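With the hints as extra help, turn the sequences into a complete structure.
From first to last, the protein sequence lines are chains P and A.
So the number in the numbering used here is just where the residue sits in the first sequence, counting from 1, plus 27.
So the number in the numbering used here is just where the residue sits in the second sequence, counting from 1, plus 27.
Just so you know, these hints were derived from the structure itself, not from any lab.
Mixed in with the good hints there might be a few duds.
It does not matter which identical chain is used: a pair holds within one copy or between any two.
[To be verified] In silico SDA-like links for lysine to any residue, alpha-carbon gap of 25 Å or less:
no. : residue 1 : residue 2
1   : Lys324    : Gly120
2   : Lys265    : Ser154
3   : Lys292    : Pro51
4   : Lys296    : Pro128
5   : Lys296    : Thr130
6   : Lys274    : Ala138
7   : Lys296    : Tyr46
8   : Lys135    : Glu162
9   : Lys243    : Arg44
10  : Lys296    : Val52
11  : Lys135    : Lys292
12  : Lys136    : Ser55
13  : Lys292    : Ile248
14  : Lys292    : Leu53
15  : Lys265    : Arg118
Keep in mind it's a predicted model, so treat the numbers as computed, not measured.
The lines below spell out each chain.
There are 2 protein chains.
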Amino acid sequence: MYIPTYDDVLAAHQRIRPYIHRTPVLTSSYINGLAGAELHFKCENFQKAGAFKARGASNAVFGLTDAQAARGVATHSSGNHGLCLSYAAGRRGIPCTVVMPRTAPQAKKDAVRGYGGVVVECEPSTSSREAVFAEVVARTGAEFVHPYNDPRVIAGQATSSRELNEQVPGLDAVIAPIGGGGMVSGTCLTLSTVAPKVRIYAAEPEQADDACRSFKAGHIIADDAPETVADGLKVPLKELTWHFVQKYVTDILTVSEDEIIEAMKLIWKRMKIVMEPSSAVPLAAILKNPGVFAGQKVGVIITGGNVDLDKLPWM
Amino acid sequence: MYIPTYDDVLAAHQRIRPYIHRTPVLTSSYINGLAGAELHFKCENFQKAGAFKARGASNAVFGLTDAQAARGVATHSSGNHGLCLSYAAGRRGIPCTVVMPRTAPQAKKDAVRGYGGVVVECEPSTSSREAVFAEVVARTGAEFVHPYNDPRVIAGQATSSRELNEQVPGLDAVIAPIGGGGMVSGTCLTLSTVAPKVRIYAAEPEQADDACRSFKAGHIIADDAPETVADGLKVPLKELTWHFVQKYVTDILTVSEDEIIEAMKLIWKRMKIVMEPSSAVPLAAILKNPGVFAGQKVGVIITGGNVDLDKLPWM
Chain P
28 MYIPTYDDVL
38 AAHQRIRPYI
48 HRTPVLTSSY
58 INGLAGAELH
68 FKCENFQKAG
78 AFKARGASNA
88 VFGLTDAQAA
98 RGVATHSSGN
108 HGLCLSYAAG
118 RRGIPCTVVM
128 PRTAPQAKKD
138 AVRGYGGVVV
148 ECEPSTSSRE
158 AVFAEVVART
168 GAEFVHPYND
178 PRVIAGQATS
188 SRELNEQVPG
198 LDAVIAPIGG
208 GGMVSGTCLT
218 LSTVAPKVRI
228 YAAEPEQADD
238 ACRSFKAGHI
248 IADDAPETVA
258 DGLKVPLKEL
268 TWHFVQKYVT
278 DILTVSEDEI
288 IEAMKLIWKR
298 MKIVMEPSSA
308 VPLAAILKNP
318 GVFAGQKVGV
328 IITGGNVDLD
338 KLPWM
Chain A
28 MYIPTYDDVL
38 AAHQRIRPYI
48 HRTPVLTSSY
58 INGLAGAELH
68 FKCENFQKAG
78 AFKARGASNA
88 VFGLTDAQAA
98 RGVATHSSGN
108 HGLCLSYAAG
118 RRGIPCTVVM
128 PRTAPQAKKD
138 AVRGYGGVVV
148 ECEPSTSSRE
158 AVFAEVVART
168 GAEFVHPYND
178 PRVIAGQATS
188 SRELNEQVPG
198 LDAVIAPIGG
208 GGMVSGTCLT
218 LSTVAPKVRI
228 YAAEPEQADD
238 ACRSFKAGHI
248 IADDAPETVA
258 DGLKVPLKEL
268 TWHFVQKYVT
278 DILTVSEDEI
288 IEAMKLIWKR
298 MKIVMEPSSA
308 VPLAAILKNP
318 GVFAGQKVGV
328 IITGGNVDLD
338 KLPWM
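Here it is as structure tokens:
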């Protein structure tokens, strides 16, 4: 298992710069008042393709040799990674195949196609997904880009906290949502090198708290299909992300579904930005644990903004 | 009738700078592709109190003498002006009374109170509003700050296009929504001085097209309570705003309710920002009139972001 280093982050940032946004950091004096802390929101909802995953996907795609690139890339994802890999492949002008359950929302399939990717449908089961994906790779020779358990992807995600650390010097802590752990691992990779005193927190839905239980148990625990409104956070840790989480994370804080929805609505209402339920989990955790962050300067990662406007969680 | 000058705009900008945001300008390559033009969105939805009206209200409030200020300010508004006047008065620490129909949404009344203003309710009729407002002014001696037919307010709103012109040099045109005409008048005031070649367009709902009909007729036409989803645009032009509109506006373009809602959803989905139906009217007009803006560099004013998340127009 290759563990990416900070040199990989620097190379990634150089490589992907033409294809990503340096996203802004926003603040809200009203929300600071509620939290009793100084919060700096790193807005990856404004990222290309609407999510931080454009960073890791672009790093993987633009790091391929021409021979590899000619065969294209492939992944399985019904979320932002599929969309972002399709975006990055489109920018390089190479084929991209995304295996998605036939039950995935039409809007997500359309979005992948909108960036030029090909959607191959499978049944909504692990066995079908694996069989269909193996067939795609055998047929095309495409390079598999895992959504998070991939050093190229983690080095790409790590560029977000590199920017944040430049934009807001002197942070006491950073908090990001945790699903598979790609963003948290990237944050650990960057901050353990450039700002090792900054505490790193992960935030997770109570209803999908496998990372929190893994953290306490000292080994990876994977749940079978948890249900949460924060649909980007249902996947389990893998070896590479577990390496970073167990080594560098201070704590994993969990929140209820109602707390997630309330924090999401608060951000929409007060900050006037559209972001996903997953991205509201860190603010929910801050508001639930005022003692942990009181009076501190905290970076909060807003991971993405791809939400179905016709099915908002408070409708 | 005192017509504000560009010197008033410069004085206003100096006066209000500590109390307002220099709002960002955002772009979307996807929307540019749809429009066939280069659009620069001036995001007043990120303004203090969520609307450009914080500029004009702050200029009026902070321009008062101490003796005037001690008696406070008052207005009648069930929209952003009431909220923004309350915000500005709160920053100066002076009383603010807002006369609102008792039928106005509870959330709007709460928002005025949240900034420290006092809500006085009237019946939902012009006669009741005028009687109640007269009583408030007689009792308090408060300074009346009209939502738009006031040179202090127009000079304040004009600071937005001053920033836009600095942020995006070389614009071919600017388009803003028109209701009472405060933002459009401020835009005319600034651009006719600093960038007189920039064409100025106003955009209006078909269902509240009194400004368009006034423009064609050559005199003010006021409608009785038009109904549109763009609830900030129901009010008529007055003498001062008519002065600027008839003198400097190139054209007024109208759009249907469906076109407004579609443009609003497009901005939310692609730009990941929360903004009001009124603010979507200019983009709807651009998409409806591609020939007018083809290949041009266009400033688009997003006027505000105060929307009821529980009653979005596509719900």
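Consistency of the hints with the structure:
In this assembly of identical chains, Lys324 and Gly120 lie within 25 Å of each other by CA distance neither inside one copy nor across copies; the values are 42 Å within and 28 Å between. Within a single copy, Lys265 and Ser154 get their C-alpha atoms as close as 19 Å, which meets the 25 Å cut-off; across copies the closest is 69 Å, which misses it. Proximity of Lys292 to Pro51 under the C-alpha cut-off of 25 Å is found in both arrangements, the shortest distances being 20 Å within a copy and 22 Å between copies. For a Cα distance limit of 25 Å, the shortest separation of Lys296 from Pro128 across copies, 23 Å, qualifies, whereas the shortest one inside one copy, 34 Å, does not.
For a Cα distance limit of 25 Å, the shortest separation of Lys296 from Thr130 across copies, 22 Å, qualifies, whereas the shortest one inside one copy, 32 Å, does not. In this assembly of identical chains, the alpha carbons of Lys274 and Ala138 never lie at most 25 Å apart, being 36 Å within a copy and 45 Å across copies at closest. Taking identical chains as interchangeable, the C-alpha atoms of Lys296 and Tyr46 lie at most 25 Å apart only when they sit on different chains, with a minimum of 20 Å there against 30 Å within one chain. For the identical chains of this complex, Lys135 and Glu162 are intra-copy neighbours only, at 22 Å inside a copy versus 57 Å across copies, given an alpha-carbon limit of 25 Å.
Taking the shortest Cα distances, Lys243 and Arg44 never come within 25 Å of each other, neither inside one copy (37 Å) nor across copies (50 Å). In this assembly of identical chains, the alpha carbons of Lys296 and Val52 lie at most 25 Å apart whether taken from the same copy (17 Å) or from different copies (20 Å). Within a single copy, Lys135 and Lys292 get their C-alpha atoms as close as 23 Å, and across copies as close as 17 Å, so both meet the 25 Å cut-off. In this assembly of identical chains, the alpha carbons of Lys136 and Ser55 lie at most 25 Å apart only when taken from different copies (21 Å versus 35 Å within one copy).
Taking identical chains as interchangeable, the C-alpha atoms of Lys292 and Ile248 are never at most 25 Å apart, the minima being 31 Å within one chain and 40 Å between chains. Taking the shortest Cα distances, Lys292 and Leu53 sit within 25 Å of each other both inside one copy (16 Å) and across copies (22 Å). For the identical chains of this complex, Lys265 and Arg118 are neighbours neither inside a copy (29 Å) nor across copies (51 Å), given an alpha-carbon limit of 25 Å.
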